[in-house]
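Visitor: Using the hints, position chain B against chain A.
Number of protein chains: 2
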Amino acid sequence: MAAEIGFWFDFSSPYAYLASERIEDLAARHDRTVVWRPFLLGIAFKAEGTKPLTHYDAKGRYSVHDFARSARLWNIPFEMPDPFPAAALDATRLFIWLQANDPEAAVTFLHATYRAYFRDNRFIGDRDVVLAIASECGIDVAAAEAAMTDAKIKARLRELTQEAVGDRGVFGAPTMDVDGEMFWGADRLDMLDQWLSRGGW
Amino acid sequence: MAAEIGFWFDFSSPYAYLASERIEDLAARHDRTVVWRPFLLGIAFKAEGTKPLTHYDAKGRYSVHDFARSARLWNIPFEMPDPFPAAALDATRLFIWLQANDPEAAVTFLHATYRAYFRDNRFIGDRDVVLAIASECGIDVAAAEAAMTDAKIKARLRELTQEAVGDRGVFGAPTMDVDGEMFWGADRLDMLDQWLSRGGW
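Which chain is which? The protein sequence lines are A and B, in order. If you read the first sequence in the numbering used here, its first letter stands for residue 3, the second for the next number, and so on. If you read the second sequence in the numbering used here, its first letter stands for residue 3, the second for the next number, and so on.
Hints were generated in silico from the structure; no laboratory data involved. A portion of the hints provided could be inaccurate.
What the hints assert, rightly or not - Derived DSSO-like pairs (lysine-lysine); straight-line CA-CA distance at most 27 Å:
#1 B/Lys48 <-> A/Lys48
#2 A/Lys53 <-> B/Lys53
#3 A/Lys53 <-> A/Lys156
#4 A/Lys48 <-> B/Lys53
#5 A/Lys156 <-> A/Lys48
#6 A/Lys53 <-> B/Lys48
#7 B/Lys156 <-> B/Lys53
#8 B/Lys154 <-> B/Lys48
#9 A/Lys48 <-> A/Lys154
#10 B/Lys48 <-> B/Lys156
This one's a predicted model, so the numbers in the text were calculated from it and none came from an experiment.
Chain A with its partners taken away, still in its complex shape (with noise of 0.2 Å):
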């Protein structure tokens, strides 16, 4: 079995959607597996007693700015969506859902919800929203309904919101976790990059 590539993310955050266009590519390059961890990005503001990045103000307007610098010079398209941040509860459910019972549908469906709320707009704190971009998806509606609101699925979010904020202290969105060693930041795939080359430094 590949070595992995710890992938935490929240589908609210605009540079966890960037990373989540170029992590795939990276973990190749250095013969790992991408393991996508979602858990809930706003307990861990709480932890720490932060918040949003939008929500401060010079670091806000900057942020802005930067989401879509970045988007630029990794050629990947990025439209600042309104409004936000979504809570996006449901397609967090649903995605941890899908890991247990359709892994490959579970990563579709995660770049389909992060480029349907980043690049078009839609706004995935709507039930309705995520149930028809899960049904975009080919994933059963129904069943994709259930498993919002499955009492062992919203345990699970919380167990894996736990195991972030409160075991490996995560704080923010993304974070890649490689043999223990964590990088955060949609600007640190390159330092990870170089960490796998190097094996460490």
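Guide: For chain B alone, kept in the frame of chain A given last:
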């Protein structure tokens, strides 16, 4: 006159120290001169409702790990100082005075001050330490001490901080400014490098 790279810094910022060791080479490759721009990072934190990295819990632990990891990657000596951070008002005022009176000595003093704190754990929050560093740089100690309490120098530091935080929206250090385009963070020097090579994108 060569075009400039504005380098906004505070003597207590580890990432600004790391970037200060790399920015002159980067600038030279693009036929640019570095314009060193001191400001009070604490005022930016207050304006944004943020605080020093190490005052956050998980982000603080990650940052301390990452300061050293980034330093090793870039082959820059680094030891996390204790106590940290330092209110480096005296050093900053002396730097401003030197910039106006002996620009070459100012840059020598800047690097010496950063290295004293982040390599040799000399506490640059103490006036006596700063005066000792000044003396080691061949700067007249009596003149240096006078500069630290000069009302005009104090006013100039307030103006610079206002320009950074109030006018330009600087919220962290280092912040590099090229032709009005801002880059925040030591880990954005490669992006800045590309920006200069390509003339933006």
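Visitor: For which of the previously enumerated hints does the structure constitute a violation, in increasing order of number?
Guide: none
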